[in-house]
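Undergrad: The whole structure should be built from the sequences, with the hints applied where relevant.
Here are the chains, one letter per residue:
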Amino acid sequence: RRFDMAPRKVDTLYIFARDGSCLYLRKFAGEMKQDAKEVEIEKKNMFGLLFTLKTFVNSITPRNLDEQEKEPIRYFQTAQYQLHYMETASGLRFAASTPPNTRNMQVALGRIYRLYVDYVLRNPSYRVGTVINLAGFNQRVDAYVREIAG
Amino acid sequence: AMSLHTKMARLGDSTFSTMEKVNSELLAMTYGALVTTLIKDFQDVKVVNTELEKMGYNIGVRLIDEFLAKTGVTQCRNLKETAHSIAKIGFKMFLGINAEVTWGADARQFSIEFKGNPLIEFVELPEKFKNLDYSNLLCGVIRGALHMVQMVVTTELRKSELKGDPVSEIYVTLKQHLAEKFKGEDD
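Quick mapping for you: the protein sequence lines, in order, are chains Y and R.
Take 8 as the starting number for the first sequence in my numbering and just add one per residue.
Take 548 as the starting number for the second sequence in my numbering and just add one per residue.
One should not assume that every hint holds.
[Said to hold, decoys possible] Listed below are several chain Y residues computed to face chain R (Cβ distance under 7 Å; list not exhaustive):
{"no.": "1", "residue": "E76"}
{"no.": "2", "residue": "R121"}
{"no.": "3", "residue": "V124"}
[Unchecked claim] To give a feel for the contact side, a few chain R residues facing chain Y, derived at Cβ under 10 Å:
{"no.": "4", "residue": "F614"}
{"no.": "5", "residue": "C623"}
{"no.": "6", "residue": "R624"}
{"no.": "7", "residue": "N625"}
{"no.": "8", "residue": "M698"}
Everything labelled a hint here was simulated from the structure, so no lab data went into it.
Quick reminder that beta carbons are idealized off the backbone N, C-alpha and C, glycines included.
TA: Below, the structure written as structure tokens:
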């Protein structure tokens, strides 16, 4: 498949459910925070930020939104990193941090969503809305992140 | 310019072509065995209808993500688009059949009409089961899927090819939109 093959380095991947619970947090670069409490704070802050950003963005949009319509956020960027975001209509939130100016991450997040459907949702032992702890999913996410890292 | 409905029909067709397929007789027989077991366990047709709907609901809450991930649909801007997505894309990709939307008594109600439901292939309803909503699973699937996109609906199998109607019909009523909330919001 012809596609922009510029390397995309995913540093961290988050998956949140609609109610704010963090279903998945994976660091591909650097170290996981050791302190469990700090990790919980990071998850809570990340979700809170994304939620607030979404509310804010929708409140100041110049467009006339239809009754079910929402403005989607794609990413925000600092000098040090870029935080990509994809929210599904079903309320799943995928967020990934990368170095700045990384393109086509919406596609990558979409692919990770497909992996979630195939390797998490379809697993009858997985209860929807709970923390994801499945070796098959981990392997495939790892493989995909490696693949796009170039 | 292509109309939105035409685009949806095309998306339904193209997604259907990428879906893994299962033998339709196997599907019909498996579903038939499921319904027969429920009848044996519960005896009461009304209870069986409810159980089928509940099963459908549990399927729907997972199926919605498969729908969204495989079609790339991000959001439906209004109820009309939602209705057509179910009929033109959903029914096509999951059941392989073409369904139509007709609008209901007011802006919050619509019907999905369809023929050739693969679940009912070879099935004949005996007289004693004339009140069985054989395809009620589909009603639950729609309710479960829509619940995951913040819509509370009721669904009803109004017409059935099994009961002699020319088409099958699922009537959907939007009860309310759920607002975004998350735990700890009031912290």
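Undergrad: Evaluate each hint against the coordinates.
TA: Hint check:
| no. | hint | in the structure |
| --- | --- | --- |
| 1 | E76 | holds (4 Å) |
| 2 | R121 | holds (5 Å) |
| 3 | V124 | holds (5 Å) |
| 4 | F614 | holds (9 Å) |
| 5 | C623 | holds (6 Å) |
| 6 | R624 | holds (4 Å) |
| 7 | N625 | holds (5 Å) |
| 8 | M698 | holds (8 Å) |
The structure meets every hint from the earlier list without exception.
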